[in-house]
Amino acid sequence: MKGILKKKSILPGYGLSLGITWLYLSFIVLLPLSTLFIKVGSGSFNDFISAVFSLRAIKAYQVSFGLSFISACINSLFGFLIAWVIVRYKIPFKGFWDTLIDLPFALPTAVAGITLTWLYGPQGWIGSFLEANGIKIVFTPMGITIAMIFVSFPFAIRTIEPVLRDLDPEIEESARCLGASRWKIFQKIIFPTVLPSLLTGFTLCFARSMGEYGSVIFIAGNQPLKTEIAPLLIVMRLEEYDYYGSASIALFLLLVSFVLLFCLNFLQFWNKRYTGI
Amino acid sequence: MSIELIDVSKKFGSFVAVDSVSFSVNKGELLALLGPSGSGKTTILRIIAGLEKADSGSVILEGRDVTKDDPRDRGIGFVFQHYALFRHMTVFENVAFGLRVKPRKLRPNESEIRKQVMDLLSLVQLDFLAHHYPMQLSGGQRQRVALARALAIQPSILLLDEPFGSLDARVRKELRRWLRKLHDEIHVTSVFVTHDQEEALEVSDRVVITNQGRIEQIGSPEEVYFAPRTPFVFQFLGDVNLFHARELSNGELIFIPDDDSGVEKRVFVRPNQISIALNWSQKNPIPATIHYINTAGPMVKVELKDKKGNPLLAFISIEEYQQLNLKKNMNVFIGVKSHHTFENMSHF
Amino acid sequence: MMKFKKVFVYCFRISLILISLCFLLLFLVIPLFVVFFNAFSQGLPVYIGNISRKETVESILLTLKILIIVLPVNTIFGIACAWYITRYTFRGKKVLLTFLDLPFTVSPVVAGTIFIFLFSINGLLGILVEKWEVQIIFAFPGMVIATLFVTFPFVARELIPIMEEQGQEMEEAGRMLGANVWQILLKITLPNIRWALFYGMVLCAARCVGEFGAVSVVSGHIRGKTITIPLEVEILYNEYNLVGAFCVASLLCLVGLISLIFRKWIEKRDPVYLYIKTHKYGD
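Going down the list, the sequences are from chains A, B and C. Count along the first sequence from 1, then add 903; that gives the number in the working numbering. Count along the second sequence from 1, then add 32; that gives the number in the working numbering. Count along the third sequence from 1, then add 30; that gives the number in the working numbering.
Think of the hints as simulated: they come from the structure by calculation, not from any bench. Remember, predicted model here, so these are calculated numbers, not experimental data. The reader is advised that the hints may include incorrect statements.
Stated by the list, open to error - Distance condition first, Cα-Cα at most 30 angstroms in a straight line; then the derived DSBU-like pairs of lysine-lysine: (1) LYS340(B) x LYS315(B); (2) LYS59(B) x LYS213(B); (3) LYS124(C) x LYS1175(A); (4) LYS1091(A) x LYS36(C); (5) LYS997(A) x LYS298(C); (6) LYS297(B) x LYS340(B); (7) LYS997(A) x LYS124(C); (8) LYS36(C) x LYS997(A); (9) LYS43(B) x LYS124(C); (10) LYS339(B) x LYS369(B); (11) LYS1091(A) x LYS294(C); (12) LYS35(C) x LYS85(B); (13) LYS1175(A) x LYS294(C); (14) LYS147(B) x LYS100(B); (15) LYS1087(A) x LYS33(C); (16) LYS294(C) x LYS217(C); (17) LYS43(B) x LYS1175(A); (18) LYS43(B) x LYS294(C); (19) LYS100(B) x LYS294(C); (20) LYS33(C) x LYS993(A); (21) LYS85(B) x LYS147(B); (22) LYS294(C) x LYS134(B); (23) LYS147(B) x LYS134(B); (24) LYS84(C) x LYS217(C); (25) LYS137(B) x LYS35(C); (26) LYS1087(A) x LYS294(C); (27) LYS217(C) x LYS1091(A); (28) LYS993(A) x LYS124(C); (29) LYS369(B) x LYS340(B); (30) LYS33(C) x LYS100(B); (31) LYS1087(A) x LYS997(A); (32) LYS962(A) x LYS1091(A).
Stated by the list, open to error - Here are the computed distance ranges between Cβ atoms for each label pair: (33) LEU1098(A) x PHE66(C): 54 to 62 angstroms; (34) TRP162(C) x GLU142(B): 39 to 47 angstroms; (35) LEU934(A) x GLY197(C): 33 to 41 angstroms; (36) ILE288(C) x GLU142(B): 36 to 44 angstroms; (37) TRP162(C) x VAL1162(A): 51 to 59 angstroms; (38) ILE252(C) x GLU1143(A): 15 to 23 angstroms.
Cβ atoms here follow ideal geometry from the backbone N, Cα and C, with glycine treated the same way.
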């Protein structure tokens, strides 16, 4: 019982793998993170509060968190729908879609950014059509939302899909035999089983959208107080040589990330009751 | 003495898996570790192999204390329950592995490796499968590859964890006779773990019966079967009928007592030691009702209930069954041909 | 009545499929098409001219230089970390696993920023910077370190579920047969996890090549010196060289597509891997 030094297996290489793991993590994660705390700790609590909750920062959080929330909701809905269709129905080119769904993970965010900006911009195919009808997307919160949806929707699909796939058909059949209607089966059996992974997908989408930078800054327009996202504000503060302000906002976002990580861990624990994994 | 365990204990968290166990294995012996699941038998085997470290006690192999030694320095061949064959290697390469990883100075050359491996494969009658992969083999074949692989390093001791556990019933029986024969040929000290009493009694020279991390009894199959030391051993090795009787001062047992004379006794009786008669006699004093008869098999199984409704099981020969012309719901009288009593009844 | 219900269910199903396909078309196929459409909008010669420009080639070389350092380092870490997590029991495993999720929830900009503070004069490692007079931030080393942070868990996260699933009996058997740690690793462990390892490396490489946020913060945008491929895309775009930007972007797109196809290919080869893969996100 010596904490991280406890060893049970007889397999060799314990010291080596432990050493590499913790040394590398200390250098690449723990040390940098502690720097941020030290940097912020160098000022008083009031400095921190005024840096984190300046008007511009609050507006940036509203943009970042609000739009992340909206995009995560949309993604959960469509994620469930698409996962359902992929698992349950025969659709043409299923293998193709299944491969392509992960594209937003594989596509560099800068590429996504310029592509979406062009597509929804005045010269793009969708943008020109919408603008003729008086809807402007680029440089508005709607554009930011679209970028956020794009970069995070595979999370929602990929968390729900395995749970739907694993749903035992016998349970549904037995419910059927007991006289439940399709809607009742969905409401009473399928939905509660999928709920934890739906929430996991939601949290992952939210976290990704909140931190997203590359794809959003092209389409956002980056007007302070209107379409400026929180990560961009960190960069702006850096460029203004307001290092303390930048560190404070970075720390605040980091703390939010930790809260989300905690939520994910809790959801995993909750999900275990159903999946037994 | 080939293997000696002295006062070995092991806990997993608060669960006591092995509780001060001591026993020894003679050179060239085939010993069975028999017990229900969770009785600590596999843990004992893994402690001998060095795959688990004991919390206390020592392990002595061939007179050398190896308690702190690494498993690779113990010279033990180990056959895993699920074989643990290297699935990315052919049967040949699996068996050759132990030779190929030897330090350069001790490593035999390629032609010697080839010869040794093929000899082993023909010993386990699998030389024709040398270039197949484990996934392409049947369970019994995999089992024998695992055995050949363990023997390749010429171990002084062979340990087998539930060697027939994941095979179907027919292959199991075949393979255990084959293992007995193989052991008689190569005479390597062997210990195997099993939860199947029939297997242990049929194959081994001696049996160690474990329960809840302790040893219940050590002895030859005949000893443990005919002279069980504890009620647990008696019950674990076969079906049992339990009677409440009174023992008079002259040692006579009264199954249907009229008064409170003598001492109350619990009596253990095997089903084949119960006799059935149509009429009351001194020998068959206990009234019972036949509940169910199963004639399929070498013996006729008769399930009965005594007057209090306690279930009883009797095995009788087919001739006896036909002679008595037993029927369901018949009232009969049963007797006890031989029985066991235990002084220490704390388990019950 | 029954017939009406059947038709209704059928229509419901068709509309679900149509909505899904529209979403996927809108968010996958069209954007992908846009990239290549714009890249080739002025013909192949212009495309080749654009991607063989001096700045573009320099950015490709720089990205490859970063990749050559990051990939081996994170691969070694990934193997060691997965071995440590799956082969031993120790306290703090949960914390360690949480660390491996960190780059997925922390904004890349935050990641870049913390390295700026780490190597600033007042930072924890600022002293080193001063003493050795090496430029870390706004230079190559800083970009490597920022990329290391955003890509460090990829290999480990691919290996952990598959090594957990396989268990350690094979390695124990190897030990019983006298193998040492390197023989176990090279002859038993790695051959059995090779596809997951490859895929982890592909993911790591793809992210390394495409990383924008973290690298952008620490790069300083010095033309010809600290411009990686994604930063080159940004610069071209901001210079209103749209076609040029999409030409370079199409290269990145190709890297992404190759990693996707590679994954599909692995899943076809190794069904066990597919099984674990599909069960990973949910747990």
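Okay, the hints, checked on the actual structure:
Simply put, LYS340(B) and LYS315(B) have alpha-carbon atoms about 20 angstroms apart, close enough for the 30 angstroms limit, and the pair holds. Restraint check for LYS59(B) and LYS213(B): the C-alpha separation of about 17 angstroms stays at or below 30 angstroms, so the hint holds. With a C-alpha separation of about 15 angstroms, the suggested pairing of LYS124(C) with LYS1175(A) holds against the 30 angstroms cut-off. Note on LYS1091(A) and LYS36(C): the hinted pairing holds, with a Cα-Cα distance of about 22 angstroms set against a maximum of 30 angstroms.
Between the alpha carbons of LYS997(A) and LYS298(C) the distance comes to roughly 15 angstroms, so the proposed pair stays at or under 30 angstroms and holds. For the given pair, LYS297(B) sits about 17 angstroms from LYS340(B) by alpha-carbon distance, which is consistent with the 30 angstroms threshold. Restraint check: the Cα-Cα separation between LYS997(A) and LYS124(C) comes to about 36 angstroms, which exceeds 30 angstroms; the hinted pair is violated. At most 30 angstroms may separate the alpha-carbon atoms for a hinted pair to count; LYS36(C) and LYS997(A) meet this at roughly 25 angstroms.
Taking the CA atoms of LYS43(B) and LYS124(C), the gap is near 23 angstroms; set against the 30 angstroms cutoff, the hint holds. As the CA atoms of LYS339(B) and LYS369(B) are separated by approximately 20 angstroms, the hinted pair is consistent with the 30 angstroms bound. Simply put, LYS1091(A) and LYS294(C) have alpha-carbon atoms about 35 angstroms apart, too far for the 30 angstroms limit, and the pair is violated. Straight-line distance between C-alpha atoms of LYS35(C) and LYS85(B) comes to about 66 angstroms, which puts the hinted pair past the 30 angstroms bound.
Taking the CA atoms of LYS1175(A) and LYS294(C), the gap is near 28 angstroms; set against the 30 angstroms cutoff, the hint holds. A hinted pair counts as satisfied when its Cα atoms are at most 30 angstroms apart, and LYS147(B) with LYS100(B) does not qualify at roughly 35 angstroms. A threshold of 30 angstroms between alpha carbons decides the hint, and for LYS1087(A) with LYS33(C) the separation of about 20 angstroms falls inside it, so the pair holds. Only pairs whose Cα atoms come within 30 angstroms are accepted, and LYS294(C) paired with LYS217(C) is accepted, the gap being roughly 26 angstroms.
At most 30 angstroms may separate the alpha-carbon atoms for a hinted pair to count; LYS43(B) and LYS1175(A) meet this at roughly 27 angstroms. Of the pairs offered as hints, the one joining LYS43(B) and LYS294(C) is violated, with about 45 angstroms between alpha carbons and a cut-off of 30 angstroms exceeded. The suggested pairing of LYS100(B) with LYS294(C) is violated, with an alpha-carbon distance near 47 angstroms, which exceeds 30 angstroms. Restraint check: the Cα-Cα separation between LYS33(C) and LYS993(A) comes to about 22 angstroms, which is no more than 30 angstroms; the hinted pair holds.
The straight-line distance between the Cα atoms of LYS85(B) and LYS147(B) is roughly 36 angstroms, outside the 30 angstroms bound, and the hint therefore fails. Annotation: proposed proximity of LYS294(C) to LYS134(B) is violated, straight-line Cα distance about 39 angstroms (limit 30 angstroms). Proximity of LYS147(B) to LYS134(B) is assessed by CA-CA distance (about 16 angstroms); at most 30 angstroms being required, the pair is judged to hold. Of the supplied pair hints, the one linking LYS84(C) and LYS217(C) is violated, its CA atoms being roughly 45 angstroms apart against a limit of 30 angstroms.
Only pairs whose Cα atoms come within 30 angstroms are accepted, and LYS137(B) paired with LYS35(C) is rejected, the gap being roughly 80 angstroms. Restraint check: the Cα-Cα separation between LYS1087(A) and LYS294(C) comes to about 36 angstroms, which exceeds 30 angstroms; the hinted pair is violated. A C-alpha spacing of about 50 angstroms is found between LYS217(C) and LYS1091(A), which places the hinted pair above 30 angstroms, so the restraint is violated. Restraint check: the Cα-Cα separation between LYS993(A) and LYS124(C) comes to about 40 angstroms, which exceeds 30 angstroms; the hinted pair is violated.
As the CA atoms of LYS369(B) and LYS340(B) are separated by approximately 21 angstroms, the hinted pair is consistent with the 30 angstroms bound. With a CA separation close to 77 angstroms, the supplied pair LYS33(C) and LYS100(B) exceeds the 30 angstroms bound. Under the criterion of a C-alpha separation no larger than 30 angstroms, the hint pairing LYS1087(A) with LYS997(A) is consistent with the structure, at around 28 angstroms. Between the alpha carbons of LYS962(A) and LYS1091(A) the distance comes to roughly 41 angstroms, so the proposed pair goes past 30 angstroms and is violated.
Separation of LEU1098(A) from PHE66(C) is about 40 angstroms and departs from the stated range, judged on CB atoms against 54 to 62 angstroms. Under the hint 39 to 47 angstroms, the C-beta atoms of TRP162(C) and GLU142(B), about 52 angstroms apart, miss the expected range. Hint check: LEU934(A) to GLY197(C), Cβ distance near 35 angstroms, so the stated range 33 to 41 angstroms holds. Between ILE288(C) and GLU142(B) the beta carbon distance is about 40 angstroms. The supplied range of 36 to 44 angstroms therefore holds.
The hint said 51 to 59 angstroms for the Cβ distance between TRP162(C) and VAL1162(A), and at roughly 38 angstroms that hint is violated. At roughly 20 angstroms, the beta carbons of ILE252(C) and GLU1143(A) sit within the given window of 15 to 23 angstroms.
When held up to the earlier numbered hints, the structure conflicts with 7, 11, 12, 14, 18, 19, 21, 22, 24, 25, 26, 27, 28, 30, 32, 33, 34 and 37 and fits the remainder.
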